[in-house]
Each structure stands twice: as structure tokens, then as C-alpha cells.
Amino acid sequence: MNRDWIATAATLSAALPYLQRYNDAIVVIKLGGHAMSSDEEMDNFARDVVLMQQVGVNPVIVHGGGPMINELLGKLDIKSEFLDGKRVTDKATVEVVEMVLSGRVNKWIVNAINRQGGRAVGLSGKDANLMICDQDAPELGLVGTPAEIDTQILKTLFDANTIPVIAPLGAGRNGETLNVNGDTVAGAIASALTADRLLLLTDVSGVKDGDGNVLTELTPEQIADLTASGVIAGGMIPKTQTCLAALAGGVRAAVILDGRAPNACLLELFTEHGAGSIIRVAK
1 MNRDWIATAA TLSAALPYLQ RYNDAIVVIK LGGHAMSSDE EMDNFARDVV
51 LMQQVGVNPV IVHGGGPMIN ELLGKLDIKS EFLDGKRVTD KATVEVVEMV
101 LSGRVNKWIV NAINRQGGRA VGLSGKDANL MICDQDAPEL GLVGTPAEID
151 TQILKTLFDA NTIPVIAPLG AGRNGETLNV NGDTVAGAIA SALTADRLLL
201 LTDVSGVKDG DGNVLTELTP EQIADLTASG VIAGGMIPKT QTCLAALAGG
251 VRAAVILDGR APNACLLELF TEHGAGSIIR VAK
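According to UniProt numbering, the sequence shown is numbered sequentially starting from 1.
What the hints contain is simulated information worked out from the structure, not anything from laboratory work. Don't take every hint at face value.
[To be verified] Per label pair, the in silico range of CB-to-CB distance:
(1) N213 to P238: 17 to 25 Å
(2) Q152 to R252: 16 to 24 Å
(3) S38 to I78: 47 to 55 Å
(4) A248 to A228: 33 to 41 Å
(5) G117 to L83: 29 to 37 Å
(6) D84 to R173: 17 to 25 Å
(7) T271 to K79: 43 to 51 Å
Here the structure is a predicted model, which means the values were calculated and not measured. The beta carbon of each residue, even a glycine, is placed where N, CA and C say it ideally should be.
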């Protein structure tokens, strides 16, 4: 027999305990970065998501779309500024943000999943009162922070064997549209669903130590120490803080992993070595 066939069979056999472990588990995936760089990468991601659902996982996709927003804002000659990593969002900007996220990007992901044989439905936090938000700092304009999450629509979609794909927009207390950070939305939804896993796909291989080595397992206490010492810095701070908030909200574990790696989500869930950096409370 062909050795590649034997190796494939051995890989499938070794995955059995993990397939059983994640049967009927909820896994929230924040999609961004390299996985959204081309139709080919999107198709690869969509195929993995459909496979996950086929073996019993309930996936929820939350996506970003910053580069596409920047592109359209530039074409419309609308200037955009950032404050502490968050986009200052006025009325003209939020209209573009909603157009790109709920329209172009959301439907791109939905169509990719459907092409791979899955069933996906696109939503934003405004649909079915999924996510009510409070306004963030006044100087940021129409930027929100999740305050109330109603997961009923998501559970209905699970029962219908349908994958929710969520754009990070929320409704304010007065019905206004608010732009929300995608990682924050993913963490809030994972907490509300008491998800088994929160996966944050990034363009880095995980949380690194002072020598640049990826730390494969971390506790909240270690995250705090690495942040205080300056080892965790820059854009990794909000990602690790999102993970800690998710753990505090009841999520079993959160993982920061490299979305550029082929089959990253499958490697994390269904292999012994996983992928990236898993953060969980020490047993």
C-alpha cells in the first residue's frame, strides 16, 4: 500500500479521541488576517469549518475586515483615524463599515462555506438583538462595547445545522449602529455561549517569550506576568486580554494561533500537539 495512504489512515485514527472530545462542542472562531487575503485562503478556511461541523462541532465565525474598510474609505475620500488601536467612527465612517462588514466581507465568507457543502447564514450583532452595546469613549464616536448578548438566534441556527457568520456591529441603546472590535465580539459571544474554545486567528504564530519562542500553554497568571514585564506588548495585549475575559466568562480555553498555517483550526482541535498558544486556568 502507498505509504501516504497509511499515514493518512494513521492520522485519522489518532484523531478519534479529539473527535469524540469535541462532539457537540461550541467553538467560536475570530477570522482575520491572512486567512482573508485571497479566495483560495478563504476556501481553505471554509473547508475546515465545514469539516468541523460534519464531525459534530458547532462553529461560530466572527470576522473582521479592516483592510477592506480602509480601501473603500480611501476610494470615497473619507479620512479615518485610530485612537489606542480603535477606529474613530463618525456617521459617514460607520455607514462604510457596515456596508463592508455586513455586505462584502460577511457574504464572501458565507458563500465560501456554502460552496464547500456547508450551510451558513450571515448576521451582524444588530440582527435579532444578538448584541446590544454601550458606547465606548466619546472621542471614538460610534464605537461600542458589548453589554448584552442574546444567543437564542445562534442556538436556533445550531439546531438547524447552520453555521452563524457574524459581522462585528452592534445596536446601541437608541438603535444606532456601533462599530465593535472583532476580537471583543468573539470573546463576548464565546462567553455568552459558554463555548468550549475561542480561537483567535492572527498573523503570528502565538504568544512568544522574551527569546521569541512560542509558548504553547499559558495560564492567566503567566499572561499577567508577561504583560507586566513587557514581553507581551503592542497588539498582543488586547488579544490576550480578550482571552482572559473569555475565560472569566466561562469559556473553557482560548487559543491564539497562526491563521497562515494550513488547517490551523483542525490542527488545534484534532491533534495532540495543537497549534499556537492555548490559555486556560491551571488544573
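Comparing the hints with the structure gives:
In this structure the supplied range 17 to 25 Å holds for N213 paired with P238, their Cβ-Cβ distance being about 22 Å. Checked against the hint of 16 to 24 Å, the C-beta distance between Q152 and R252 comes to roughly 22 Å, which is consistent with it. For the pair S38 and I78, the supplied restraint of 47 to 55 Å is violated, since their beta-carbon distance comes to about 26 Å. At roughly 18 Å, the beta-carbon separation of A248 and A228 lies outside the given 33 to 41 Å, and the hint is violated.
Look at G117 against L83: about 43 Å separates their beta carbons, and that is not inside 29 to 37 Å. Our hint of 17 to 25 Å for D84 and R173 holds, since their Cβ atoms are close to 23 Å apart. Between T271 and K79 the C-beta distance comes to about 46 Å, which sits within the given range of 43 to 51 Å.
Taken one by one, the earlier hints fail for this structure at numbers 3, 4 and 5, listed in ascending order.
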